[in-house]
Each structure stands twice: as structure tokens, then as C-alpha cells.
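Asks: If you read the sequences in order, they're chains L and F.
Residues in the first sequence are numbered consecutively from 1, following our numbering.
Residues in the second sequence are numbered consecutively from 526, following our numbering.
Check before you lean on any hint, since a few could be wrong.
Simulated pairs of lysine to aspartate or glutamate, DMTMM-like, Cα-Cα distance not exceeding 25 Å [claimed, not checked]:
id, chain 1, residue 1, chain 2, residue 2
1, L, Lys126, L, Asp202
2, F, Lys898, L, Glu249
3, F, Lys852, L, Glu249
4, L, Lys124, L, Asp62
5, F, Lys651, F, Asp587
6, L, Lys327, F, Glu1046
7, F, Lys862, F, Asp810
8, L, Lys300, F, Asp887
9, L, Lys327, F, Asp790
10, F, Lys852, L, Glu284
11, F, Lys649, F, Glu747
12, L, Lys408, L, Glu518
13, F, Lys852, L, Asp265
Just a sample of chain L residues kept apart from chain F, beta carbon distances all over 12 Å, derived [what the hints assert, rightly or not]:
id, residue
14, Tyr60
15, Ala151
16, Ala167
17, Ser196
18, Thr308
19, Gly326
20, Lys373
21, Ile383
22, Thr385
23, Lys401
24, Ala404
25, Lys408
26, Asn428
27, Gln474
28, Ser523
Source of the hints: derived by calculation from the structure; they are not laboratory data.
All residues carry an ideal CB built from backbone N, CA and C; glycine is no exception.
Number of protein chains: 2
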Amino acid sequence: MSIRNLDKIFEPHRVAVIGASDAPTSVGYTVLRNLVGSGFRGVVYPVNPKREAVQGIQAYKDIPSLPHAPDLAVICTPAPSVPELVRQCGEAGTMGLVIISAGFREIGAEGRKLEQMVRDEQRKFKGMRILGPNCLGIIVPGIHLNASFAAASPAKGNIGFISQSGALCTSVLDWALDEGIGFSYFVSVGNMLDVSMGDLIDYFGSATETRSIILYIESISEAREFMSAARAFARTKPIVAFKAGRFTESAQAAASHTGAMAGVDAVYEAAFQRAGIERIFQVEDMFDCAELLARQQPPKGDRLAIITNAGGPGVMTTDALIERNGKLANITDDTMKQLNDLLPICWSHGNPVDVLGDAPPDRFAKAVEIVLKDKEVDAVLVILTPQAMTDPTATAQAVGKAAAHAHKPVLAAWMGGRVVAEGMQIFNAAGIPSYNTPEKAVRAFMHLVSYARNLEILHETPKDMPLEFTLDRQRLRGVFDTILTEGEEILSENVSKAFLESYEIPVTKPLAARSADEAVEVSHR
Amino acid sequence: MSIRNLDKIFEPHRVAVIGASDAPTSVGYTVLRNLVGSGFRGVVYPVNPKREAVQGIQAYKDIPSLPHAPDLAVICTPAPSVPELVRQCGEAGTMGLVIISAGFREIGAEGRKLEQMVRDEQRKFKGMRILGPNCLGIIVPGIHLNASFAAASPAKGNIGFISQSGALCTSVLDWALDEGIGFSYFVSVGNMLDVSMGDLIDYFGSATETRSIILYIESISEAREFMSAARAFARTKPIVAFKAGRFTESAQAAASHTGAMAGVDAVYEAAFQRAGIERIFQVEDMFDCAELLARQQPPKGDRLAIITNAGGPGVMTTDALIERNGKLANITDDTMKQLNDLLPICWSHGNPVDVLGDAPPDRFAKAVEIVLKDKEVDAVLVILTPQAMTDPTATAQAVGKAAAHAHKPVLAAWMGGRVVAEGMQIFNAAGIPSYNTPEKAVRAFMHLVSYARNLEILHETPKDMPLEFTLDRQRLRGVFDTILTEGEEILSENVSKAFLESYEIPVTKPLAARSADEAVEVSHR
């Protein structure tokens, strides 16, 4: 739809919790507890018909009794009560709704009916926006707004997180706490009755605090809107997506879960590329990839130079690079000459550049400087193993300085645990992505490469396909209703073609001929 | 060769440090510092011709001056001094040598000559064993013996670690410290002038404290010996190998590093399978895989049942499983019936088994019990996301109990950080491998599957190929010397066949015929 009134949901002054409760195991309890006493500067109204106060806070018996109309109402009551509550919110002038309650589309026909009733009520109030139902809620750490039943509040940060799985949200929050990751917005979208992922991407796009977006996708229904929002955002800031349901078996599992077919994975893959979205395949890469793409300049190509103080890890890194279709840079003769001057005689004389086990910080740093200038090199990965003569911390400082004004990405793999921890912090402060294994560093580099490629595609293709046609849905519905009730699972050639034609996709037209003469005759038509 | 006298190296009573030093940046300093004051119950002799004492310990000017012949001599002096020192050790009756010094084969012709001189000296003393040169040394935590220049000592444990890269050793030690991993033996083999990886596997095989072996391999030269040692060990305990140099590019990097061609990766792959060795492709999987295989029974097949309290992660897990060629188990009708009785009506009715977001510990545990009994199921993966109603700790306890007497592997993915930490500890104590993402759990499961397959292959094939033949090396050398000096890079058909024949491999024999008659005649030969 649009971003209209989304500020009522994400920047409310007055928030009502409908179904606020004193029972610690209830959703209405957790939502209220999360909203009050945690720094939110607006006012929170508990709504509960049976109590004077909830959690010690003055409660109201219903929406009409509230002293002011809330901007946002968070609904936690059982599904059958929701349509009537939506109407009451609308009548009070509340334009932002988060419906946490479950028991809608995801439980079948009965729930679908309820969802339609909610939609019918919503339609009566122009501009009313609904997030959910069947979601965990929203968190906006910047204004200490936690309108969710998550167990914890994440820190303020620059990642916008949008998830179709409420259950995954709880895991993601817990990982984020462990890793010190912060969010600008944290949204569980649920069934997307109204507010869609596309709307949210649009809304986050105008917010400067959001520097990257992470999506957890199960299926996209509003494809066109999603694509145009994603393309607009991705022009300036990265979107990272994890999409479950890649194979037939998993798509089946997804269908039994959400009631929606997950769609052919290749279609998503192509769409992500066209929209400039970087896809990840391991959920653990989520934060890392989002931060990486937001902080690093994309490389011009995939030619990596490796600088290492040990041969074995150089080989290991080359393996990881080639496996992921990256390229070892062919360093130029001029670079070779400069490295010959710098390095001891038994250096590797090629890429990976082995600066040898006794390399002091300065030797590392000079090698980085030399290789960065090579026009055959798109990015540099510096690998350190903490050997007897190695100073991981001072080397990180020297490399950080050497990379400070580079116009190419520099990544670091400081291989170890506590011995390299300080060096990793130095890299972090210097904005250099650092990892404790070379494989992780290569994975990061290849994300940069494919993100850069996607950006290129994004800038090359026209913004929107000029696509206009009038679809005779009525006629088609007739045709397909017949087919479906007759239990045909495979469409005949003719029906398939009729279907394609009604979408104005050109098709060949076979004509039957029973003899050579008839064939000749038919060919003249 | 054999395990003869390896106990002189790994269980010494008297240890000499030749080249012991007071200079904190020298190898001889670190080796001596690691050996004394850290709990080793033998006696350590510093050897230094210029000092009365090193690090406050009475020093000796040379090997003949020592009060007793050491069992083990650790040599840290410059390469050119080593051959003479080996002779002196031999004359003193020292049978165990660790040569840490670098400057041998790895630096070229000059170093190769020195290595030959060392070999010549060694040959004069029957039973003398040499580890190295060009290595980090050895650590035997069980007897507090750290005869290496590593920066730290690892804990005692059940993993035997053997590495061809000294630099990697330092990283591995640091990771191990962070993760609390212990070792029975920690060995950097260096150039393997004498003691080979095969010898070490044989030696560790007879030691009960070693429950698994991790190998970091760059290239194997003594293939036959390696294979038979690995096959013998792998029959009862797992070997996990990381082999660098998988692609042409990386093999080239390896060649410039070690001076040895790394060999075609497919050959290694096949050899590992035949030897029952489980290969890993990410260095970070090293410990995890070794511990997993040592602790878990191998599954009968690759059919995995997934039990989860959230749909999304179930789909994610199915993706990871199918991507790695695993199979979703088809649970039987009987199991379906039992699950129908147990679970709320809207459970997923299939595998993944979604026990739903409100699942109490008991529901999880009963589902595990039911699914474990299904004969179509080879292993069970239990996934938990910490939702509002979820108790990760109590659920881990219940699942642990349900899995206690199972004859199939049970794995757990408790998705989160601090919220699930206690549950992970419970699993750890119960011997159930647990991970914080489903992808890692699936990776572990597939390691179990491929290990089980390799074990089967191992038990099916004959122990040794009955292979006896006398090879006319002298004649062959003549042939090939000519070819090589003539710079032919590709062997002709005839030369190739002659080569194969001399290894008693049957070949077809083409005979030239210039006419039909001649062909007929030739065919009668």
C-alpha cells in the first residue's frame, strides 16, 4: 500500500494495550511490562474490562473510556474479539494497530473468515494501518518502544529487521544481545493483512538511522510492491535477505506451516538479484553481512590479494576463494618488484603474498600498501597467525593505518582466540571487517563482490517495466474453476496457452491438419 | 617407519634443550620456559656453550657434558649446526630428537643438502627417531610436557592433533583455549624427515587417552604407510582431516609454500574415504567434528526427523538438510497416529514435526520418544526457539531424558544466545551434541552420516591389497631420466604403457600393421 500513517505505529505518543494482563504467562502481561518503565516517553494505557489497574497502572475498561485516543493500539486478545476492537479503535480515531493475537489465516478457514472481518472493519476507517495479525509485535529501540512480547529489548543501532517468523525473532534478539548488535526497527510482520514488507522497506528508507535492512522471508505475495520498495532502498543502502524453503521438500514444509506455497526458489533468487538484495544462506551470517555491506565500499571486481604470515593459511584461503568462484589477483611485475625489495628472499613470490612467520607489523603494513596500489587487485585480505615473533595487536594497528585511505576493501583474518582479541577490536574501531578464520573472511569478501554486482544490475536496468494490460479475470476464473473442480492437475497444451495469452504473453498456435494438403492449406492462414 | 622409540619423544624422563636461551624473543627461550615450572616431572637440561645458567637453571656446554643421556633432545639452534648435534646426541645414546630449527628443505637446495646430512647422521644410530625439522614441537598435556615454542599450553583431553603447518598450530591452540578443548597429544610434524603422520597415528592408536585424531594435511608422501595406519585407527576411533590445496590455484600456492606439489585433490578425497577418514572443509569445524564423531554412535542412514516448536526454523533446517544431500524421514502411519494423539490439532502433520510455539517440555520429550521409535527414522534433530511460553532449560532436561537410552543419534539446535545457554550445558552433560543454529546441527548430522558410510566401506574392503611385485627401478630410472632431461612433458602412449607394465598393471599392446594381411597375421601372435 504505502507508508501512510506508519508513524502512528513506529512513533506513537499514546499507546493502548488491549488485553493488558496481570498473568505472567500471558502475552498481554509481557507487552505491557515491555512498554512501561523502560524509557518510553509517551503514555501507555492498559485496557482490561475486568480490572481497575494492571501491573499497578490505572486500567480502562474499553477504548471509548480512554482519556485520549491512542495513536497505537496493541491488541493481545483472542482472535474472535479482534474485529469489534478494530471498529472501536477506528471510531476513537486510532490509526495505528498492531494485532499480536493469533488464530487467523494460519489456522484455516475459520481464521480466514475472521481476517476478512478485520479487513472489512479497517476499510471503514480511511488511513487505518494494521500490522499483523499473528505476530510478535514491534520494537523501536531509539525511542525505547517495545510493543512486543519478546523476552528482551535489543540495543539501539542501525539495522532494520523485518521477519515473517515470530519464533525466529526471539532467537534473533537473543543472538543480537550476545553479539552487541543494535537495531533501528525490529518488526515481526505476521500475516501481513495490511502493512507489508514493501511498506516497511519504504518507511525505513526515509529514516536516516537505518543503514541496512535484514529480511527473513517465507513467502512474498505483494511481489511488485516489494520489488519497487527494495529497489529504491537498495540503491543507497544494503538489504540482506534470508529466504527459507529453497527445495521442494522445504517448500512443502513451509506450505504446511504458513498455508502459503513458498514459490519456486529460482524466482526469488532472480528477484533478489534484480532488486539489489544480497541473499544469505546461513542464518548466522545475518548481522555480519548487514554490517559489512553497510560499512564497506563495494569492490570493483572479484580479484583478491592475500597477504599472510604463514603458507598453510594462504592455501586454505585460496581454497575458500576458488570454491566460492572468487579469483586470486595476478599481481603486476611492478608490485612484484616492490615486494622483492621489501620482503626476505624466501617470500612466496606471488599471490598469496607470504610475508613469512617473523614478519613485524611494519612489514605487514608496507606489503598491504604496495598491494593496494596494484591495479589488478580489487581487495586485500590480510591473514595473521599468532606465531612466536608475531605481535597481533601492533600488526592490526599498522595494517589499519595502511588501509585507512584505501579506495578498496581491506579485510582481516586474525586466526586465534584471546591472543588476537585486541587486534580484532582495533580493526573494528578502524572499520575493517575482521574474522577469526580465513574462510569467514572469504565468505564476507564474496558477499561484497555479489552485492557490488547486484548494485550494477540495479543501476543498469530500467526502474519499472512499462507493463499495462487488461486481464479478463472473469473469463479466466470460469475456465480454471472448471478445470480445478474436474480435478485436472496438469493443464493441457491448449489451456496452458490460453492462460499465457490472457496475460498477453505471445504463444505459438498449433492448428490440426489431417493430410498434407490440409497442412499446406492451414499454413496459409 | 614404525612407532619404535616414539616413547622417547612423547614420554621422556630427561629432556635436553639444545640452544636454550635467555633472549625472550628466541625459540630456545620459549621452549625452555615452556618445559620448566609447568608440572613436568622429569628433568630438563639447558644446553648452551656460552652460559653457566639459562633462565636461572644450571646449563651445560654440550651434550657430552650432561650428567645423564637425555631421552629427548629438543634442538633449537641454526640449521647448519644440526647435523653435528644429531651425531653428538646419537653418541650419547639419545634416541628421541625434536628438531625445531628451520632452514632445511623448505629453503631450497642448500637446505635439502643439510637435511640429507641429518639423515646420514641418524642412520649411524639404530633406533634414533627424529621429529621435524622446521616444526613447532610437541605438547603432551597429560604429563605437562610442552616441548614447543607455542605461546600457551592447552588442557589435557582426548584429541590427538597432528599438523603439517606450524603456523596453524598456534591458531589452533588459541582457539582450543577459548573453547576449552583438550588434547592427548599436540604435534607439529614439520618436514617429516623421519617421524611421519602414519607413525603418529599408529602410536596414538595404542594410547587409550586418544579418542579421536585431527589431521591438518598439506601433502602426504608416505601414502601407503599413512593409509594403513589411518585404516587401523579408524576402525575403532574417528580421524578428522582438513586438507588444504583443493584447487589448482591453491595447489600452486601450496607448492610455493612447502616445495612439494600438493597432489590432485580427488586422490586425497578417495584415499580419505577408503581410510575411513572424515574430511572437513572449514577449519572451524575441526574440534566440533572430532568430538562429535568420538561421542556419537553413527546413524544407520541419512533419514532425519525434525522436531521443532516453530515452522520457520523447520523449513530452514530442511533447506540445510537437502542442500547437503540428506533426507527428510518419511514418518510411518503409526507414528503419525501417536503424534495426532499427543499434539494439538494444528500440528504440521508431517516431518518436520511442529509441536507448536506453546509446547511445554513434556510435549517436546514425548514427541522425541515417539519419533525415535519409528523404523523409518535414522536420527532426530530437536529445534527450540525461545518463545514466550518456552522453557529452554527444562525442555533440554526433558529431551535429554527422552534420548538417554536411544540407539539413534539425537541432536539439538537451541536457537539463541544467553537464554539457551543453560540448556546447551545440560545437553553437553547428557552427551547430546547441541548447536545454536539448525544449520550447524545439520552439518554435524551429515558428518555423522558420511562417517558411518566411510566406516562401512572400511569394513567391507580387504585389510590390505595382496600386492607383491619386484620393480625394476633401475631400468625405469634410465627411461625417465632421458625423458625428463629431454623436456618431454607428456608421455607417449608406448612410454606410458611401459611405465604401467613395470608396476604389473596390465595394458593393451598395440601392434602396427600396414596392410589387411599383416593385420590378420599380427592378430595371431
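Asks: Are the hints correct? Go through all of them and say.
Replies: Hint-by-hint comparison with the structure:
{"no.": "1", "hint": "L/Lys126 x L/Asp202", "in the structure": "holds (20 Å)"}
{"no.": "2", "hint": "F/Lys898 x L/Glu249", "in the structure": "holds (23 Å)"}
{"no.": "3", "hint": "F/Lys852 x L/Glu249", "in the structure": "holds (9 Å)"}
{"no.": "4", "hint": "L/Lys124 x L/Asp62", "in the structure": "holds (20 Å)"}
{"no.": "5", "hint": "F/Lys651 x F/Asp587", "in the structure": "holds (22 Å)"}
{"no.": "6", "hint": "L/Lys327 x F/Glu1046", "in the structure": "violated (57 Å)"}
{"no.": "7", "hint": "F/Lys862 x F/Asp810", "in the structure": "violated (39 Å)"}
{"no.": "8", "hint": "L/Lys300 x F/Asp887", "in the structure": "violated (55 Å)"}
{"no.": "9", "hint": "L/Lys327 x F/Asp790", "in the structure": "holds (19 Å)"}
{"no.": "10", "hint": "F/Lys852 x L/Glu284", "in the structure": "holds (23 Å)"}
{"no.": "11", "hint": "F/Lys649 x F/Glu747", "in the structure": "holds (22 Å)"}
{"no.": "12", "hint": "L/Lys408 x L/Glu518", "in the structure": "violated (68 Å)"}
{"no.": "13", "hint": "F/Lys852 x L/Asp265", "in the structure": "holds (19 Å)"}
{"no.": "14", "hint": "Tyr60", "in the structure": "holds (24 Å)"}
{"no.": "15", "hint": "Ala151", "in the structure": "violated (7 Å)"}
{"no.": "16", "hint": "Ala167", "in the structure": "violated (3 Å)"}
{"no.": "17", "hint": "Ser196", "in the structure": "holds (18 Å)"}
{"no.": "18", "hint": "Thr308", "in the structure": "violated (9 Å)"}
{"no.": "19", "hint": "Gly326", "in the structure": "violated (10 Å)"}
{"no.": "20", "hint": "Lys373", "in the structure": "holds (22 Å)"}
{"no.": "21", "hint": "Ile383", "in the structure": "violated (10 Å)"}
{"no.": "22", "hint": "Thr385", "in the structure": "violated (4 Å)"}
{"no.": "23", "hint": "Lys401", "in the structure": "holds (24 Å)"}
{"no.": "24", "hint": "Ala404", "in the structure": "holds (26 Å)"}
{"no.": "25", "hint": "Lys408", "in the structure": "holds (21 Å)"}
{"no.": "26", "hint": "Asn428", "in the structure": "holds (18 Å)"}
{"no.": "27", "hint": "Gln474", "in the structure": "holds (35 Å)"}
{"no.": "28", "hint": "Ser523", "in the structure": "holds (48 Å)"}
Figure legend: structure checked against the earlier numbered hints; hints not met, in rising order: 6, 7, 8, 12, 15, 16, 18, 19, 21 and 22.
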